[in-house]
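Here is what each chain is made of, one letter per residue.
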Amino acid sequence: MRLAEAWRVALDALRANRMRSGLTMLGMVIGVGAVVILVALGTGTKNEVQAQVEGLGSNLLLVVPGQVSLNAAPAVSRLDQSDLDAIIRIAGDRDRVAVSLTSGENVRAGNEQVFTSLLGVLETTPKVFLRDVRSGAYLTRTDVETGRRVAVLGSTVARTLFGERDPVGQQVTIAGVRFRVIGVFAPLGQSLGVDRDNEVHIPLSTAQRLLATKRVDAFAVKAPDAETIDRLGRDIVAELHRRHPDEEFSAVTQEQILGVLGDILGVLTAVLAAIAGISLLVGGVGVSNIMLVSVRERTREIGLRMALGARPRDIGLQFLLEAVLLTTVGGLLGIAFGVGASLATAALSPVPAALTWWSIALAFGVSCAVGIVFGVVPAQRAGRLDPVVALRSE
Amino acid sequence: MTADAAIEAIDVARTYALDGVSVPALRGVSLTIAHGEHVALVGPSGSGKSTLMHLLGGLDQPTSGRLRIGGRDVAGRTPAEMAHLRNATIGFVFQSFHLLSRTSALDNVALPLVYRGMGARERRERAAVMLERVGLGHRVGHRPNQLSGGEQQRVAIARALVTEPAVLLADEPTGNLDQTTGAAVLELLEQLNTAEGVAVVLVTHDREVAARARRQITMRDGRIVSDTAVDEAGEAAG
Ligand SMILES: Nc1ncnc2c1ncn2[C@@H]1O[C@H](COP(=O)(O)OP(=O)(O)OP(=O)(O)O)[C@@H](O)[C@H]1O
Ligand SMILES: [Mg+2]
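Here the protein sequences come in this chain order: A and B. Residue 1203 is where the first sequence ends in my numbering, and the numbering goes up by one at each step. Residue 247 is where the second sequence ends in my numbering, and the numbering goes up by one at each step.
Think of the hints as simulated: they come from the structure by calculation, not from any bench. Computed from a prediction, not measured in an experiment: that's the story for all the values here. Please note: incorrect hints may appear among the correct ones.
From the structure, some residues in chain A lie toward chain B, with a derived Cβ separation under 8 Å [what the hints assert, rightly or not]:
(1) Ala825
(2) Glu1110
(3) Ala1116
Quick reminder that beta carbons are idealized off the backbone N, C-alpha and C, glycines included.
Please model the entire structure based on the sequences and the hints provided.
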């Protein structure tokens, strides 16, 4: 009964000061909305990265020079053809090993030109990674062994250079050298704002000749199953280390990549959450402030209620509920705003946003908590008033 | 100590600390309010009448002396216990009415029952009966600003009595009312004193009003200077 009265009074107080309550809530709306949106963006990005890494194929081991960690600079490769042969020997099957030599190059056809990632690769690429060819065919072993000037285009490259025409059989010029198009990849789409279809695959030997280098940049090895993947990685790193004693190499699995990316996204999310937290803090201080004003304005009422038998606890509860109502109503509006903005972002822009129930529950919980934390001081102050002094106040 | 006294004060003092200076508002007051009494408290301004009323009503604690309200010693009681004691024993009527402005007459009267933990229905039933008793049965839904001053004070009286207290404390209840309205309010208090048996302690500056009480206590400088019973004819009898 006392609790019901406290609710009634708290609601009534908010209704009596609509403008003030609304403005105070605005701080919460913004803070909670920001939390919901930022968590949605963080989750969406993480989901996308995860899908992308898993979409590469299963049981993959990526072998690169240097260390793979959050704060290591990418290393320059000293790996070459003989290292490739060694890795193929360890893997036991050429079809399990993919390799890349990467360079940014201009590709031309007629009057059209596009800057792409040029990859020198083996014919094994589609056997290691999941990669579909939409028209024509992928490179063959003969293409690689004889260093043919043939190219497979990513879908963006194909569209930019040839429009709706089928590029297979057409000529393109890469770094001033003519190539014949033998295939076009099925589109992969964008991720994190990067177009994954803007690449061109040519035989590794051809690429080495074109770029006047013997190096290869990275390997990918497909393990037969999840159990052998770690041992395979250790064997490859040990062999590479034996061949290049002064250098470090890493063989990382998809899980490890996801782990590192997760760390990066985690730091980002934490920074964003801190910013959102500050806006919640500001909202909370606003609530505290308004509650102190409310206590002062209603000092006579507090005195009266005390004279009639209200305990300090009854008075405190009434004001605490008022604060919690302010923050939770503001929080609910903020959740609605955040959910709307997240859905709109996901629908209308390439930025990924994924809503999760836990983030909405968290936002609501935080709203309640802010109300309690920032309402408790004004509420205590109200409960501790001396009834005689309160009754006399103006 | 008398067992059946509603309120009992023995050598009660109250000193205020004001900027490091102690201001004695009450300097040792002893009195007993018996059940059903009708007492007028008079004295010049600043003599300590309101201070005494606050103590008798359990709104304040004495600096020294013993005070029993409803048979219970107030010494060492927590604010929550004092709240309970007030709710159970005392009804207050203030000079400035102190009604909740956004609340109907009915809910204003029912308010003390909230703090008894009584259910909404029973509260309203009792409040309606009480409003009827003070002659405002036709005004239950009115807000204070839709009522005259006299009607507002009647609502306040109904609120003070809805808990069936032993004592009703009224500090200048007619101070904000014109003569006629004030007289009607006092008449109501007298009626309730007789009919309900509630003890009434009334602070007033009006000699005529004081003369209508059956006991008259005069204060000066924080002390009781006379405490006399008045007979039916209005003469002092001791
Ligand atoms: N909170 C306080 N702090 C300091 N002194 C106070 C306080 N309240 C009352 N006093 C002093 O105590 C004395 C008695 O005050 P009180 O209000 O009891 O007088 P009163 O008899 O009710 O006067 P009035 O007829 O004007 O209402 C006065 O001198 C007053 O200044
Ligand atoms: Mg006074």
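So which of those numbered hints doesn't the model satisfy?
-> Hints that this structure does not satisfy do not exist here, as all of them hold.
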